[in-house]
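All the letters of the first sequence, read from the start, carry residue numbers 1 to 187 under full-length UniProt numbering.
Simulated from the structure, these hints should not be mistaken for lab results. A portion of the hints provided could be inaccurate.
Claimed, not checked - In silico EDC-like cross-links for lysine to aspartate or glutamate, where the CA-CA straight-line distance does not exceed 16 Å: (1) Lys52 / Glu34; (2) Lys146 / Glu166; (3) Lys155 / Asp132; (4) Lys52 / Glu16; (5) Lys155 / Glu131; (6) Lys133 / Glu166; (7) Lys146 / Glu126; (8) Lys146 / Glu172; (9) Lys19 / Glu34.
To be verified - Pairwise CB distance ranges, derived in the manner of DEER restraints: (10) Glu34 / Ala55: 18 to 26 Å; (11) Thr154 / Thr17: 54 to 62 Å; (12) Lys133 / Glu166: 17 to 25 Å; (13) Ser27 / Thr154: 43 to 51 Å; (14) Val15 / Glu142: 46 to 54 Å; (15) Ser29 / Glu166: 20 to 28 Å.
Glycine included, C-beta positions come from ideal geometry on N, C-alpha and C.
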Amino acid sequence: MVSGAQPAGWTDERVETLKKLWMEGLSASQIAGELGEGVTRNAVIGKVHRLKLSARAKPTNSTPRARPASRPAPRRVASPSSGLSGMGGAAKMRSSMPRPQSVGATALAHDPQLEADLYVAPAVAELFIPEDKRLNLLQLNEHTCKWPIGDPLTKDFYFCGQHSLETGPYCEFHSRRAYHQVDKKRR
DNA sequence: CCCTGATTCGC
DNA sequence: GCGAATCAGG
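Input sequences plus hints: build the corresponding full structure.
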């Protein structure tokens with residue numbers, strides 16, 4: 001009867017691995033995955049902090065990070081308040097408005113020199129919405145995708161109108177467009 | 001939506 | 001000490 005599993009034993013070995021990987025810049029989730037099951041991203045972060053390892057890089061900047069002057073005190077042991085809770089959906093919507101893609105045909109001149117300097121223009125591939133599916137502002141409702149298409153100043157402006165997800169104002173396609181990727185700018 | 005780390009607090 | 005839950009930013 002040997003215990004074949006060590007769910008959460010921060011042995012020196014694991015701590016070493018943790019330190020190493022953390023210093024190498026791996027993300028907490030990656031380290032957690034590397035360490036094996038039973039170790040979650042939170043566990044890694046928690047350990048990292050306990051070890052005072054946070055801040056793997058402080059070249060010349062004492063950025064105390066946003067120090068919450070007052071802690072919001074995340075109520076644990078929340079008691080059921082009369083069973084009435086905030087209705088699903090809606091919730092907190094991070095600021096992020098999609099930029100309507102201009103479907104205007106852009107004439108591109110064949111300039112090798114310029115072409116070499118510029119990166120490939122992002123394809124404006126959009127979903128083609130049949131006219132009978134297009135919606136104007138007044139036709140939108142709780143279940144229509146509110147992704148704007150076209151130029152609001154012209155007549156060829158309309159909203160996607162597909163069935164929207166419960167988790168947001170857009171259909172799946174545009175929901176992805178709204179957030180996912182497209183924001184990999186980073187300094 | 002996905003992700004990241006940071007913090008708190010019950011265990 | 002541990003880590004889930006939560007917060008907050010990208």
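Do the hints match the structure? See the list:
Using a Cα cut-off of 16 Å, the hinted pair lysine 52 and glutamate 34 is violated, with the two alpha carbons roughly 21 Å apart. For a cut-off of 16 Å, the pair hint linking lysine 146 to glutamate 166 stands: about 13 Å separates their Cα positions. Under the criterion of a C-alpha separation no larger than 16 Å, the hint pairing lysine 155 with aspartate 132 is consistent with the structure, at around 15 Å. Note on lysine 52 and glutamate 16: the hinted pairing holds, with a Cα-Cα distance of about 14 Å set against a maximum of 16 Å.
With a CA separation close to 12 Å, the supplied pair lysine 155 and glutamate 131 stays within the 16 Å bound. Taken as a hint, the lysine 133 and glutamate 166 pair is broken in the structure, with Cα atoms around 20 Å apart against an allowance of 16 Å. This hinted pair checks out: lysine 146 and glutamate 126 have alpha carbons roughly 14 Å apart, not beyond 16 Å. Between lysine 146 and glutamate 172 the alpha-carbon distance is near 11 Å, which keeps this suggested pair within the 16 Å criterion.
A distance of roughly 12 Å separates the Cα atoms of lysine 19 and glutamate 34; the hinted pair therefore holds under the 16 Å criterion. Glutamate 34 and alanine 55 have their C-beta atoms about 21 Å apart, which keeps the hinted 18 to 26 Å range intact. For threonine 154 and threonine 17, the Cβ-Cβ distance of about 58 Å falls inside the hinted range of 54 to 62 Å, so the restraint holds. Roughly 20 Å separates the CB atoms of lysine 133 and glutamate 166, a value that falls within the hinted 17 to 25 Å.
At roughly 44 Å, the beta-carbon separation of serine 27 and threonine 154 lies within the given 43 to 51 Å, and the hint holds. In this structure, valine 15 and glutamate 142 meet the distance hint of 46 to 54 Å, their C-beta atoms being roughly 51 Å apart. Separation of serine 29 from glutamate 166 is about 26 Å and conforms to the stated range, judged on CB atoms against 20 to 28 Å.
In the structure shown, a violation is registered for the earlier hints numbered 1 and 6, in ascending order.
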